[in-house]
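Novice: Below, each chain spelled out in residue letters.
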Amino acid sequence: MAQKKYWKGLEELENTPEHQQIVENEFQQELPVLGDVSDKLLGAETPRRDFLKFLGFSTLAATVAASCEMPVRKAIPYAIKPEDITPGVANFYASSFVDNGDYAAVVVKTREGRPIMVEGNELSSITNGVVSARVIASTLSLYDKARLRQPLVKGNPVDTFEAVDTPIKQALSGAGGAVYLLTGTILSPTTKVVIEQFKSRYPNARHIQYDPVSYNGLALANDATFGRNAIPSYHFEKAKTIFSLGADFLGTWLAPNEFNHGYNLNRKISAKNPAMSKHYQVEAMMSMTGSNADERATCKPSEYGKVAAALYQAVVSGAAPQTGSDKLNRLISSAAKELKNNGLVVCGSNDVNVQIIVNAINNAIGAYGNTISWGATSNYKQGNDKEFVAFVDAMNAGQVGAVFIHGVNPSYDYLDAEKFNSGLAKVGLSVSFAERLDETAEKCQYVVPDHHWLESWGDAEPKSGHYSFIQPTIAPLFKTRAFQDSLLTWAGITDTYHTIFNAYWAGKLGQSAFDKALQDGVIVTEAPVASGSFSGAAVDGAIAAVNAYKGNTDGQYEVLIYESVAIGYGGSHSNNPWLLEMPDPVTRATWDNYICMSYKTAKEKFESELTLHNQVDHKKRVLKVTVNNKEVELPVVVLPGMHNDVIAIAVGYGRSKNVGKAAADLGKNVYHFGRYTGTTFINYNVGTVELTSAFYPVAITQTHHSYEGREIIQEFTLEEFKKDPNFLLNKRKKELGHYTTLHWEGHHEEHGEDKASAGEQALKHDKDFEKNGTLYPVHEKHGIKWGMSIDLNACTGCGACVIACQAENNISVVGKDRVLVAQEMSWIRIDRYFSGNPDDPDTIQTIYQPMLCQHCDNAPCENVCPVSATNHSDEGLNQMAYNRCIGTKYCANNCPYKVRHFNWFDWNGADSFADNLYQDGRRDDINDDITRMVLNPDVTVRSRGVMEKCSFCVQRLQAGKLAAKMEGRPLKDADVQVACQKACAGDCITFGNVNDTESKIYKERYEENSERVFYVLEYLHVLPNISYLSKIRNTDAIVAKDKEQDVFQVKNL
Amino acid sequence: MHLKYESFVREPLITGDKTYAQVTEDICRPIEQKPSKLWYVGFVLSLLFLGFGVFSVFWEVYWGLGTWGINRTVGWGWDITNFVWWVGIGHAGTLISAILLLFRQGWRTGVNRAAEAMTIFAVMCAGQFPIFHMGRVWNAFYVLPLPNTRGPLWPNFNSALLWDVFAISTYFTVSLLFWYSGLVPDFATIRDRAKTKLRKRLYGLASFGWTGTAKNWQRFEALCLVLAGLSTPLVLSVHTIVSFDFATSVIPGWHATIFPPYFVAGAVFSGFAMVQTLLILVRKIYKMEDYITLGHIEAMNKVIVLTGSIVGVAYLTELFMAWYSQVHFEQEAFKYRVFGPYWWAYWAMMTCNVVSPQFFWFKKLRRNIVFTFILSIVVNIGMWFERFVIIVTTLANDFLPSSWTYYSPTWPELGFYLGTFGLFFTCFFLFSKYFPVIAIAEIKFTLKVSGDNYKRDMQRLDAMSTEEFLEEANHAH
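Protein chains in written order, with this note's numbering: chain D, 1 to 1053; chain Y, 1 to 477.
Keep in mind the hints are simulated off the structure, nothing from the lab.
Among these hints, one or two may not hold up.
To be verified - Below 30 Å or equal to it, Euclidean Cα-Cα: the simulated DSSO-like pairs (lysine-lysine) are: (1) Lys-335(Y) to Lys-733(D); (2) Lys-1043(D) to Lys-335(Y); (3) Lys-722(D) to Lys-240(D); (4) Lys-238(D) to Lys-199(D); (5) Lys-603(D) to Lys-335(Y).
Take the sequences, apply the hints, and build the full model.
Specialist: Pasting the structure below:
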């Protein structure tokens, strides 16, 4: 079809040559603007049109070239806003952390539907708001990339639950032999109901509980002496004298979340009430609890029984103890006397005989009914070792038709894992509920992953009559199903666990009480009060038995396996980069397990020692440990305070690849060094140690062990403190007196008695020193002035504050390689200093000092920054403007406390460069999209090349101030709680507005505890806003004050 | 302006029978000839070092400062050590050209050109370190007090690091101007001798149309004097301000009022040592023994022994003050400095800086070229250790023992340092090929007074009576 042609006029139709010429000349009239130029321009070799073409092309080209791929940022709006979620506003839910009997009542903070922080629930009468580092870090495990995302059938993922339900049901109905339900300790009453329902459907089903770290000996001893196969309640809050025989009750033993609170209540001291508990510790290794003891001596683990017997005899008859060392004998005799005053003896041994003797001591000192009560039993550990061994035998004998494994991982943590594995292979149906493909799940035919506790409904009865609820805080991230629902499905019951749970509690408490209990998270009902009456029949037998125990002989060592404070028994914590990078409280080592060995043994037998050079050298000698023909090669870390004949190795390491990137092949598994006595599992054995030629780097964050007698720490004995409570205050005044008074203003204080109270003196000292200790004018500090006080007496070094800070402030995990070169990021660190003679483990005294940005009012970091990136707020905060920072590191150099941390690499993908993210293999999952959900949206993720440090949780301060403002009232203490303060198990951190005379911090500094207040490096006149309270030891002498005794000071240079 | 008579006892500054023409010929020869093989080898080697340096810096900027060995406790390592070291080296040039000019030290004319060139290149090298030690170097311009839309937000004028920015940039600018203004008449000489068009053109441009009129010379002299006056306080101020980086801090071992004079003396010390190293090579390679004589070398060795001893006294004073102050942390800082994990660095510093220059009390050794050459290198090793000791060992063992660490450098730090050597020698090789390494015009000033052949003529004057001499001197004009 021909196109119609339109013409504009006759000229075009004619198309005469004149017309053509006109058409060619676009601008028939001369352009007025261009004038003369137009000719040149249009006549140029590249005329205007070409120019425009070039311009267009180059602009386009530049645009294409410059438009590098922009990262796609996913943001999904709440098209329909959920009723209870306001973007930007956090929701808090009471819940409970339960992990194989490790229990804590918690409050979970969620933002936009994501749980990002776990804090303690102060309503709980059991844990009283205490949470361990493991509890806080478990939010990260929720977002663990290694978690299973759907059920597995023979290792292959399946998309529906039917695909597993059908074959499992089939196999169950046809199973020959017994059906075993193998779980960890189950605290949940409703889960027990579900298990009963399952058992009633399958009458040949049996439920056995297994604890990777067993406490069965304790229950059996109680069975022998009280006729009760259970564990009583320990009341550390009532104990004035504590004798711990190898029990790390503040770190790992039984229920540290419960014991910490009570223990620390009696460690608080002031001049008005100069009384504190006395803590004796006799142990084989240097545990965190031992490092906090007032009196400490060592013995071999095989001697725990003998020490207990000696203490028993000393208590009963006053007999002089005859143990190996003088210090131990003295300690036992003195403890025997003092224990009668509200004493409590705990023992970490799982040996029935030892525990029987311990019960006898507790009975003799009248602990039962006082510091130990049978009123409510502790349910944390219900594992039965004998049953488990019988079960493994039954599997191997082919008598087991089906096994369902929940919460435990015997292929990894059973002392004879090979036997368990070979037995498991013979079982017709094996099902695991593991949340990740752990060592046992790998060997099971079916894996039906359970929810993470933050995704679950549930309950717990940690102590009889004390209930605690688990609420889901996020919809399940993956295709997982509650363990209870799986059981119900396979039992053919149509009810879901949630309905059973609701019905159970609504029935028990009534709906409204249940709602209230859910909101509170905890409820206490009247428990049946049962008391036990002690029967000493078994004691003599037990004493005879323990006296017959043989320990190591020459050339042998007793090998002790222990749970580390950071990752505990293992489990999902093994793959938690926060916990793996958390320095061990005592060794300060990260990312590995290692052989802890005494200084003397290491020096004399294994060519490694704590010399000046060795301290800073991360290369550690590798030793080969052989126990029962099982060999493990690990690096040796010298740990002062270890018994010379004992080596200790942490469990929880040496995991398989499927457990996760961080855990895979990190360290070695040493569970097989345990042994079975025929009744219980024991955590030590005798073995040999050989030197190898290899070295292995261990990332230790602190390389110098002595505080060198520097005035950065103040410690006194209880006697000294009672005698002269004002000693420290007077020392401060003496040191800085020249600078607190101007000489022309007279010295009215120097003459005669000072009538002012300690608080008034302290206040005057602080004010005068601020004003007169400088040539410069002083800024008046009106309004809010934030301050913190840290009580060195109550700090146990547990590290909960470190992890809480990490979770709250999005602190980067840097990986082992970077810790090795001291580039770690932790905003709060716990400095640990030893004093004493490393050759003699019984002389060691340990002190912990949390160290974080001191928010100096006269901050040396601020005036050296060339670009004012770090500056002072009018509320006394030393703040960082990350955007302004150019990273000269001058501030970090000039920080006397060395608490500033530099972003050496792009840790979190926040940098402007592409593809330069720091990767080291183990920490890489931390930047996965799922794992990043753990980040706190209130806190900037820092980019490479900027300095960062403690901000006093400024986001919380702002929120607290806003809350007060909305209510139109002045700020109160309760409005702001910083993350470390909230997490502190010992309640040793006080925080608030120092200008408010009603605040706790003001009262602590200037009213209640002024005698103990000191500032680290006060003489510098940097005016820190963090004060410390001196450490008071309930002992005879402070070793660090005596250079003769404190070999650490001399030896280190 | 020069006294026409100089005692016969004074050593000649120019040996050989030199005429003005011969001087021009000698100094311009290397520029007009093709460079030797050795020159090419050296130049290529320098370029390789420079290339490796660029790669090291690229690596650091791309991945982050974590590629260096510095850590949470030791925030400055080789970077600032090298910075201070290079800045110190620069000082000799300015001292020679400015202070010695004002003091009318004739011998400076033989060495001032090369020394000033060294200053400029050393400051260029030094400047790299504070720039690339920044975590976010792309924001380095934040340190400049530019009017801006960020508030406006100004740098922090309290920070010694900011003072550095001003001190170093001023120093560089003035040194460059001084150096260049001295070059102008010499460029004109080369232009006038040029046989190729290109050379004529380029040197013509560089010489700013110098014609050698009396007015030209008069202005030239005036400018030199003004710039010398400006540079003189800079000799003292630059390293004083660099020392403030440390002295204004609170860290024991840094916080010391002795630092400014101690740093300046150290800078002159290391600067002269570096001049020795370079000139001994230059006079050998370009056969300039007649212009850079043993007398020059000896004169500089005297400066070295003087400043080396000042530095030694400073070290001892630091120890004394630590003890005398009775400040526990101060005492500990020096205890760890001397006996701590970095004891080897301290003793290396003491040996190289305090003990070794004492050999120059002996005239024989002062005039021994091989010995001087070796010692000049030893001194600069020592001075590098001094900065390392001050920076690293102080930080490594400071207030809280919990944070003590041990710092060792990594390859990008080493590469960066080698890279600045590459930069320095690349510049120096280009300089020695294209620029007159000895100030032609200035040396001619001294020729008729201190030249060997002219001095011989002095014997006649020496024989004269005072009246006769006065008579002749008065009639000479």
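Novice: Now, for every hint given, state plainly whether the structure supports it.
Specialist: Now for the hints, and whether the structure bears them out:
1. Lys-335(Y) to Lys-733(D): 28 Å, holds
2. Lys-1043(D) to Lys-335(Y): Status holds; Cα separation ~17 Å.
3. Lys-722(D) to Lys-240(D): Distance ~17 Å between Lys-722(D) and Lys-240(D) Cα, so the pair holds.
4. Lys-238(D) to Lys-199(D): 42 Å, violated
5. Lys-603(D) to Lys-335(Y): 26 Å, holds
Consistency note: the structure conflicts with earlier hint 4 alone.
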